[in-house]
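With the sequences and hints as input, model every part of the structure.
Each chain, letter by letter, is given below.
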Amino acid sequence: MTLNQQRKLKTILTGLFAWTVALVLFFPIFWMFITSFKTELQAISVPPSLFFEPTLDNFRIVQERSDYLHHAWNSVVTSFGSTIIALIIAIPAAYSMAFFPGKRTKDILLWMLSTKMLPAVGVLVPIYILCRNYGLLDSKTALVIIFTLMNLPIIVWMLFSYFKDLPKEILEAARMDGATPWDEVVKVVLPLSVGAISSTALLSIVLCWNEAFWSLNLTASDAAPLTAMIASYSSPEGLFWAKLSAASTLACAPIVIFGWFCQKQLVQGLTFGAVK
Amino acid sequence: MKRLTKNTLTYAVSITAAMTAASAFSATQITVATVNNGHMIEMQKLTPEFEKANPGIKVKWVTLEEGVLRQNVTQDIANGSGLYDVMTIGMYEAPIWGERGWLQAVDTSGNYDEKDILPSIRGGLSYDGTMYAAPFYGESSMVMYRKDLVKAAGMEINDRDSWEHISDVAAAVNNPDEGIYGICLRGKAGWGDNMAFMTAMANSFGARWFDENWKPQLETSEWKDAVSFYVDLLTKYGPPGSSSNSFNENLALFNEGKCGMWIDATIAASFVTDPKQSKVADKVGFAQSPYSVTEKGANWLWAWALGIPAATKNAEAAQKFVRWATSKEYIQLVGQKNGWAAVPTGTRTSTYENPKFQKAAVFADAELKAINSADPTDSTLKPSPYVGVQFAAIPEFQAIGTTAGQMISGALSGSMTVDQALKSANTSADRQMRQAGYY
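Protein sequences, first through last, are from chains D and R. Our numbering numbers the first residue of the first sequence as 560 and each following residue consecutively. Our numbering numbers the first residue of the second sequence as 78 and each following residue consecutively.
Keep in mind the hints are simulated off the structure, nothing from the lab. You may find that some hints are simply not true.
[To be verified] Straight-line C-alpha distance at most 25 Å; calculated PhoX-like pairs for lysine-lysine:
id	chain 1	residue 1	chain 2	residue 2
1	D	LYS699	R	LYS137
2	R	LYS137	R	LYS459
3	R	LYS390	D	LYS699
See the structure below:
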């Protein structure tokens with residue numbers, strides 16, 4: 560086998576492997592999508608059917624029973640709202656830690672990350688009681704605060720690792736030209752980090768969008784996001800797979816479309832360093 | 078400047094007055110928390126009728142998965158948050174929460190006709206003679222079987238057959254090569270899953286959860302006989318992976334025509350006879366649950382009911398809603414709008430006396446018989462200190478039942494023997510009861 564052939568084979572094998580992994584990952588979503596067009600009887604049939612007469616009944620039922628737009632709006636407000644607030648806090652924090660590290664910066668970063676290691680249910684009761692006392696149960700404000708705090712460590716870490724790789728000389732040059740710290744962040748750091756910030760923001764939005772634990776525990780109807788809507792289609796007594804799949808498809812759709820449009824930034828942010 | 082201030086003040090006062098007036102006339106809003114099942118969804122659809130009859134009240138719905146509902150509702154009630162005005166609870170919670178003062182008593186005055194409610198259901202939802210939740214629909218358990226398969230195997234199923242006979246029928250019908258299994262039963266761990274079934278079966282073998290001194294009795298020969306019989310039956314004639322099957326999984330198998338028999342909640346009767354979701358709708362027969370040494374407690378009793386938390390700020394509107402949703406008139410309304418086969422059953426005598434219902438629901442007689450034969454206050458052969466057929470209505474039972482369910486599910490999947498499973502379950506129950514101060 561010549562070197563060229565070897566290279567070709569390697570490319571084909573890598574491609575094959577990548578496709579297999581992608582298909583395995585995508586299969587549950589594909590299955591959910593096609594189940595949403597089946598009747599309940601088709602949804603449970605063994606062996607499962609791939610070819611069937613599709614029906615839109617499940618979507619009609621979901622639309623009739625749940626106010627999809629109400630839930631979707633709550634999801635948009637909570638995930639975008641909390642991501643914006645988290646970025647406003649995280650950008651200056653990551654900037655100061657990356658460019659002016661102190662003796663304890665590493666410890667602070669580790670401590671921030673350690674808060675993610677605590678199981679959420681461990682703080683459910685105190686947070687529930689706080690929300691009750693401040694009248695925040697079933698309010699979007701509570702979810703925005705919780706989501707912000709939940710994602711802050713990850714956002715700070717991601718931005719910190721990115722800012723750290725930015726050459727300090729660029730900032731020094733800016734300072735020589737008389738830039739204030741505010742100018743440095745706004746006019747130098749931010750334009751250089753658009754990719755990183757958008758991918759971080761997108762990750763945060765996706766995490767908030769998919770968050771179910773706090774959404775289910777702290778909301779009832781007014782602030783219930785799409786995750787709560789999906790949960791309402793699980794049934795203790797009765798078949799519900801097709802309807803549940805339809806509700807899930809509707810809940811996933813906006814974020815998948817959004818992710819599709821932001822694909823470029825996401826890949827760029829996750830794969831490229833600052834200056835290469 | 079003075080004039081401006083005066084004007085501003087005038088506007089502010091008039092706006093405030095207008096807002097106060099508006100809020101005085103605005104509707105009271107009540108939030109109803111419920112599980113997702115057919116009858117509840119129907120109630121949600123018919124709510125505009127209630128709102129039309131009570132113009133001052135608006136109803137908001139929160140539908141949740143059963144486990145999440147229990148958790149949310151318990152949180153809400155224990156913290157007095159007042160997030161929900163009406164909540165769907167089961168027969169297990171109603172007497173316990175009623176005793177603790179967490180629920181308001183149901184207003185049964187006037188034309189509500191409390192006496193029309195089936196006595197066993199009313200008893201199960203009451204504490205000290207007061208009803209703390211109004212039954213929306215009730216259920217017991219019974220045998221659902223494939224008439225065609227049983228007949229073809231030359232067998233017969235009758236009310237109150239013995240477990241031995243059920244095992245014989247399962248053996249005769251079982252044909253795994255054709256994808257047909259003799260019997261489908263719950264195996265998924267959970268106090269409301271496999272343990273609901275297992276407890277009713279164990280009752281009929283003469284078992285009980287606790288003796289008169291609240292000592293757990295899981296290591297007795299009655300429990301061993303019952304669980305061994307169950308494991309043996311399902312291992313030989315059950316579908317593969319039975320230890321992860323509960324109501325919905327078995328419903329899917331039965332509707333697909335894969336089960337010869339299925340013993341489960343009576344509510345299933347309306348699903349398995351519905352041609353829209355069952356391939357065997359016209360081939361299903363019903364019979365009363367089997368027994369071994371006693372008929373006592375051989376079939377369970379459960380009701381989904383509407384309760385009003387003590388912390389609600391809209392008690393009057395909540396009472397009005399609960400009375401409407403659990404009334405005879407509501408059942409009439411569903412019958413007229415959706416047909417009599419779709420009405421919520423298992424709550425009122427008048428439903429079963431209605432000729433239209435009798436004609437529409439082929440399972441009506443079997444269901445009523447099953448519900449009436451279950452007595453939560455006397456469900457074990459030997460005396461027991463607790464109320465409940467397939468559970469003991471004490472707060473500790475959820476944890477005890479779930480642990481036992483995990484052990485028995487383990488025995489079913491073959492990861493431990495029946496003796497080991499019952500020993501671990503008993504030890505765990507003993508520890509919990511001791512910690513809770515029962516002895």
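Now the hints, each set against the structure:
1. D:LYS699 to R:LYS137: With a Cα-Cα distance of about 17 Å, the restraint between D:LYS699 and R:LYS137 holds, given a limit of 25 Å.
2. R:LYS137 to R:LYS459: Violated, because 46 Å separates the two Cα atoms, which is more than 25 Å.
3. R:LYS390 to D:LYS699: holds (22 Å)
Hint 2 from the list above is the single one not met by this structure.
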